[in-house]
Amino acid sequence: MNSGPENGPGAGFPPRSSGHDLISFSHAFRGCGTAAVIGRGNLPSLNALRAFEVAGRLRSFSRAAEELGVTQGAISRQIKLLEGQLGIELFLRQATGVSLTAEGDRLLPVLTESFVRMSEAAAALRDDPWRLSIGAPPSFGMRWLMPRITRFQADNPRIDARLTITTDDVSELSGFDVAVHYGATPPPGLHALKLAGERLIPVAAPRLIEGDRPLKTPQDLARHTLIDTVPDRRYWRLWLEVVGLDSLTGERAQVITILDMALRVAEQGLGVAIGDVAMIADDIALGRLAAPFPVEVPSGLSYWLVSRPEASHRPKMLALFRFMEREARATAALKLRAPSS
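Counting in the UniProt record's numbering, the sequence shown runs from 1 upward without gaps.
Derived from the structure by calculation, the hints contain no laboratory data. Glycine is no exception: its CB is placed at the ideal position from the N, C-alpha and C atoms. Do not rely on the hints blindly, as some may be mistaken.
[Claimed, not checked] Computed list of lysine-lysine pairs in BS3-like fashion (alpha-carbon distance at most 27 Å, straight line):
1) LYS316 x LYS194
2) LYS194 x LYS335
3) LYS335 x LYS216
[What the hints assert, rightly or not] Derived Cβ-Cβ restraints for the label pairs, each shown as a range:
4) THR217 x PRO129: 53 to 61 Å
5) GLU67 x ARG322: 39 to 47 Å
6) GLY183 x GLY87: 48 to 56 Å
7) ALA311 x GLU66: 25 to 33 Å
8) GLY189 x SER119: 32 to 40 Å
9) ALA253 x GLU67: 50 to 58 Å
10) THR185 x VAL295: 36 to 44 Å
11) PRO294 x GLN268: 47 to 55 Å
12) ALA253 x GLU325: 36 to 44 Å
13) GLU325 x SER119: 34 to 42 Å
14) ILE165 x PHE323: 30 to 38 Å
15) THR217 x GLY189: 43 to 51 Å
16) SER62 x THR101: 17 to 25 Å
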């Protein structure tokens, strides 16, 4: 019941950067012979600065394009953009290649040092022994993982656990120490812990179950709106097939692609959702939802906590995996009961 990836390799060189892309290079331009006044409000594009630094260091637009994984034309455009922003020429274009102008020669070492320092700072943040970055998909992240990360943080105050809820595919661990993967198996080559196997069960607001069209048997679902999270209604079809009602369609069908939202609609009494035991247990305990029929159907998919094998021995990782192993056992033991009549 989850979502997928974004971003491709061509995203590295947009024509202009937003303010979020910029880093203060004001000091880099002092004494570099530029006529422009560079302040926080009119900083050059960070992508243009990077293109210039690589091209200047290699003395080649084509080799810079190779290093940055873009086209030579993209490098040329970024450098022209930077020259326009600064009001100076940074390169001399010649038939035999390019060379730096005096201004470019003064600017290059300052930028090179700045990028090295940024790289070192980013590496230091990534290597902080007690900072733990976690990526997770929306519904599982909000409903199951977030309360447990809060408890983990309370038990391990030295660890700075930072949870990011995202619709991006985080299973490649780009920018994260650990991530939650949704699938039949964990991604190959990663250290993995099964947090919860998906167990499907119908849920609805108690007032709907006991209303003028009560849900006494699974056949009663035919008089209600059935809410699924995928257009082909595979989760409802799987559950209905197990209880022998594979031809039942319900009064009408609704598709809400984010499980958390589907469950909220069910809480309002607007239909019967097909939920996952791991993510509805708290709602049932609090009386917001009820499971009219205690038939749990495994979907064959699970939520996996994954990390890189070489990082799994670090103290912060060992602490997290030990904690989540206990939580996973408790989730596997969960049993939901139908409301008493």
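Taking the numbered hints from earlier one at a time, note which ones the structure violates and give those numbers from smallest to largest.
Violated: hints 8, 10, 11, 14.
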